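Participant: Let the sequences and hints guide you as you build the complete structure.
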Amino acid sequence: MEIAERHIPVKKTVLPYYLTAAACLVIISLMVLFTVKDFDGHFFQPHLLAITHLTVFGWGTMVILGASNQLMPVIADKKLYSERLPVAVFLFLVAGTCLLVHSFWSFELTWPIFVGAFSILTSLVLHSINIFVTVKRSSVKNIIIDFIMTAHLWLIVTALIGITLLFNFRFGFLPVDHLHYLKVHASIGMAGWFLLLIIGVSSRLVPMFLLSRKEVKIFLTIAYYLINAGLIFFLIEGMVLRSNNGYRWYISLIVAGILCYLFYIRQCYKSAIRKKIDSGMKVTFVAIGSICLPGIIMIAYLLHSRGAPVSMITAYGYSFFGGFITTLIMGQTFKTLPFIIWIHLTKPDRLQELQPKDLYNEHLVMLQLGLYLPGFLLFLSGILIHSPYLMYPGCVMMIVASVIYCAHSVHVVFHLKNERYKNY
Amino acid sequence: MKDIKITDPCYDEKARLLQLLSLVRDPELELNIVDLGLIYEIEIDKDKKLAEITMTLSTPACPAGDYIKGGVDLMAREACPGFEIRINLTFEPQWSADHISEAGRQELGW
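Those protein sequence lines, which keep their order, are chains X and C. Reminder that position 373 of the first sequence reads as 373 in our numbering, one-by-one numbering, no gaps. Reminder that position 31 of the second sequence reads as 31 in our numbering, one-by-one numbering, no gaps.
Hints may contain errors.
Below, simulated DSS-like cross-link-like pairs (lysine-lysine); rule was C-alpha separation at most 30 angstroms, straight line [stated by the list, open to error]:
no. : chain 1 : residue 1 : chain 2 : residue 2
1   : X       : K214      : X       : K275
2   : C       : K14       : X       : K347
3   : C       : K49       : X       : K347
4   : X       : K276      : X       : K347
5   : X       : K11       : X       : K78
6   : X       : K347      : X       : K357
Which chain C residues face chain X? A few, computed with CB under 10 angstroms, are given here [claimed, not checked]:
no. : residue
7   : E30
8   : G82
9   : A103
In short, the hints are calculated from the structure, not lab data. All values derive from a computational prediction rather than experimental measurement. Ideal Cβ positions, reconstructed from N, Cα and C, are used throughout, including at glycine.
Facilitator: Rendered as structure tokens:
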């Protein structure tokens, strides 16, 4: 039987994404430091829009697209359809993100922001085509692939709503308040793209890394249908009916779906043969646990009897991207990146003394978490109680953590250039 | 992998091969491939000078598949010099964490 070297994508389809995302994380941390006061005001303002879009495209989506170019061939048991498309996707995404973020930051709604938005849409469509065709050519069909494919569809829907909002900024043609559509755009992106994709990929990686003996996949299937049903109701109500009457239903569906996923992960952990988990998985579990935080803030916001403070919405968004997404990526980077580099360093015709774990430093990963997590919690508390005395130290801790993360990622990748490893 | 019987005429060769195969590690799962249960069967025919290893991978698309198979080939050549080495890759039965040996489980902290 043929095996999988043919499934390993070339470096340029993966590594530029990881390195750019790492650089973006440092830039985001610095931008947050210079806009601490903005976090105390309304969430709908230029600097926060710029930071959010850099976080979404430059950090979260950037690293996810790179990682999916590496992981899809493993999940679908098929070589990536095209290894040229990821290069185009990367260039469109970088150019589009720069234009979009700069335009939001200076709040210039002229041609660069539209060029940027369409450039990003092009990159997302090209990436989705590459993933869809790869999966279509594969004989593997399972719920994990369904999660990943559906997440890509929601990503395109999110981007289309975003572009519609941009035109609405300029020409004001939508029938109700702009903030109403912004809520739909943000929520579909968070639950439809990030959450579904992360559930899909982690459902494959967590049992694999833990060596779980029991995977209760029925919970994944239930989670898939609950979350998607919630999203469809939300999309119809938000875009077509333009009301907020059914929010209890679709939030309940999505929360129930997340609980099913958490139950699946719990079963994987309970049946795991590997009990000694490394730093990457420890950070990952912290991230999976932190998914509850935006949920709690959201529920508290909805239960608030007399118009909840707007800072709760800022805190909700920040806890999703700054907490769940960032912590998860920080952990998974040091599960995936060293392995990707190892694959390119080693040759099949010799016994490997070098292992992926030799390419990164476990202590640095834990130090990064030890700085990031308290920093994030301080910053989040600062948003909620309007205290710059909590936000500034939190921000500094997150900057240090992001610099460590960035330098560590570069160090891992630069093993490829190290003469010492050329003979492996 | 079934235990090698002491009465097996190729006991020494098989035991040596198994010992050398345990130097090959799965880089993702960080355990040697023998304790991981990736080696299903070893057949040695001294007359035909043939060593045949039936093995699997943790997943058909395992990105480290070539490296593991390369390591098995290398170790088999060292254990059985002058023998033809045949490596049969199978996914029947499919590998699962239940295949991990007691020693492997202890190493993983189970």
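Participant: Evaluate each hint against the coordinates.
Facilitator: Status of each hint after checking the structure:
In summary, the hint linking X/K214 to X/K275 is supported, as the alpha carbons are separated by about 14 angstroms, within the 30 angstroms threshold. Between C/K14 and X/K347 the alpha-carbon distance is near 26 angstroms, which keeps this suggested pair within the 30 angstroms criterion. With a C-alpha separation of about 27 angstroms, the suggested pair C/K49 and X/K347 falls inside the 30 angstroms cut-off, and the hint holds. Restraint check: the Cα-Cα separation between X/K276 and X/K347 comes to about 29 angstroms, which is no more than 30 angstroms; the hinted pair holds.
Of the pairs offered as hints, the one joining X/K11 and X/K78 holds, with about 17 angstroms between alpha carbons and a cut-off of 30 angstroms not exceeded. For a cut-off of 30 angstroms, the pair hint linking X/K347 to X/K357 stands: about 17 angstroms separates their Cα positions. Because the smallest distance between the Cβ of C/E30 and any Cβ of chain X comes to about 7 angstroms, under 10 angstroms, the interface hint for this residue holds. Violation of the interface hint for C/G82 is found here, the shortest Cβ-Cβ separation to chain X being roughly 19 angstroms, above the 10 angstroms cut-off.
At its closest, the beta carbon of C/A103 sits 12 angstroms from a beta carbon of chain X; the interface hint therefore is violated under the 10 angstroms criterion.
Taken one by one, the earlier hints fail for this structure at numbers 8 and 9, listed in ascending order.
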